[in-house]
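Please construct the entire structure, taking both the sequences and the accompanying hints into account.
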Amino acid sequence: MSDEAALSAALSDLADCEEDVEKAEEDIELYRLKKLAPLYLHRDEIIQKIPGFWRVVLSQHDEFADHIKASDFEYVDAIKSITVHWKTFQDYEIEFSFNAIEGKLKDQTIRKHFLLKDEQLTSEPVDIGVPATAERKSFVDWFNWTGVSNAKEFPDGGELAALFSEDIYPYCVKYYTEAQRDVEDEESAGSSSEGELILD
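Residue numbers (full-length UniProt numbering): 1 to 200.
One or more of the hints may lead you astray.
What the hints assert, rightly or not - Calculated pairs, DSSO-like style, for lysine-lysine (alpha carbon to alpha carbon, straight line, at most 30 Å):
| no. | residue 1 | residue 2 |
| --- | --- | --- |
| 1 | Lys-49 | Lys-174 |
| 2 | Lys-87 | Lys-174 |
| 3 | Lys-137 | Lys-152 |
| 4 | Lys-80 | Lys-49 |
| 5 | Lys-137 | Lys-87 |
| 6 | Lys-35 | Lys-49 |
| 7 | Lys-34 | Lys-174 |
| 8 | Lys-152 | Lys-69 |
| 9 | Lys-69 | Lys-174 |
| 10 | Lys-174 | Lys-80 |
| 11 | Lys-23 | Lys-34 |
| 12 | Lys-106 | Lys-137 |
| 13 | Lys-35 | Lys-106 |
| 14 | Lys-23 | Lys-49 |
| 15 | Lys-80 | Lys-106 |
| 16 | Lys-104 | Lys-49 |
| 17 | Lys-80 | Lys-23 |
| 18 | Lys-152 | Lys-104 |
| 19 | Lys-106 | Lys-87 |
| 20 | Lys-34 | Lys-117 |
| 21 | Lys-69 | Lys-80 |
| 22 | Lys-137 | Lys-117 |
| 23 | Lys-80 | Lys-34 |
| 24 | Lys-117 | Lys-23 |
| 25 | Lys-104 | Lys-117 |
| 26 | Lys-106 | Lys-117 |
Said to hold, decoys possible - What follows is a set of in silico ranges between Cβ atoms, one per label pair, in the way DEER data are often shown:
| no. | residue 1 | residue 2 | range |
| --- | --- | --- | --- |
| 27 | Thr-88 | Leu-14 | 34 to 42 Å |
| 28 | Asp-167 | Glu-19 | 24 to 32 Å |
| 29 | Thr-146 | Glu-95 | 14 to 22 Å |
Derived from the structure by calculation, the hints contain no laboratory data.
Glycine included, each C-beta is placed from N, C-alpha and C at the ideal position.
And the structure:
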């Protein structure tokens with residue numbers, strides 16, 4: 001076999017090996033999701049007993065704050081629960097339950113579906129009963145994001161979806177705990193400064 005033929009055969013074998021590696025990684029990820037699903041469900045039930053849990057998590061998450069406007073926190077505060085339902089890592093739904101905001105938002109639970117195919121994330125628009133803004137930069141505009149529309153859409157909608165599914169939802173307890181610790185540290189620092197004796 002010539003050197004050129006040997007190289008071609010090696011490259012072909014390498015490509016086949018990479019396909020096997022990718023398939024194994026997909027199987028591992030699917031197994032992980034299936035094992036975590038009942039644990040996340042139990043965690044969601046516990047979180048429901050903690051008032052303002054998601055308000056604390058989202059208001060303290062710097063990267064989430066970069067995706068929305070300051071005025072959007074009115075809607076963030078109305079979130080009762082967030083759940084990610086994975087069919088696969090590339091095919092999932094993010095479920096939001098909202099408390100009503102008088103005259104603006106009704107009490108509701110919605111699911112927004114996302115699909116990653118050929119390295120492109122797309123979604124189906126969901127109507128939450130709030131008119132779109134002119135700039136399409138509000139959190140409420142994200143629910144209408146599709147990733148394929150030629151019309152003006154919420155910027156970086158796919159990044160926000162990935163942030164929910166890969167970071168905010170899986171690690172929400174960590175963010176909540178960190179936020180609570182920050183509050184305790186601030187209160188402790190305030191108490192210490194108040195107790196300082198000032199000498200003339």
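>> Taking the earlier hints as the rules, which of them does this structure contradict?
In response: As far as the earlier hints go, 13, 14, 17, 25, 26, 27 are violated by this structure, in ascending order.
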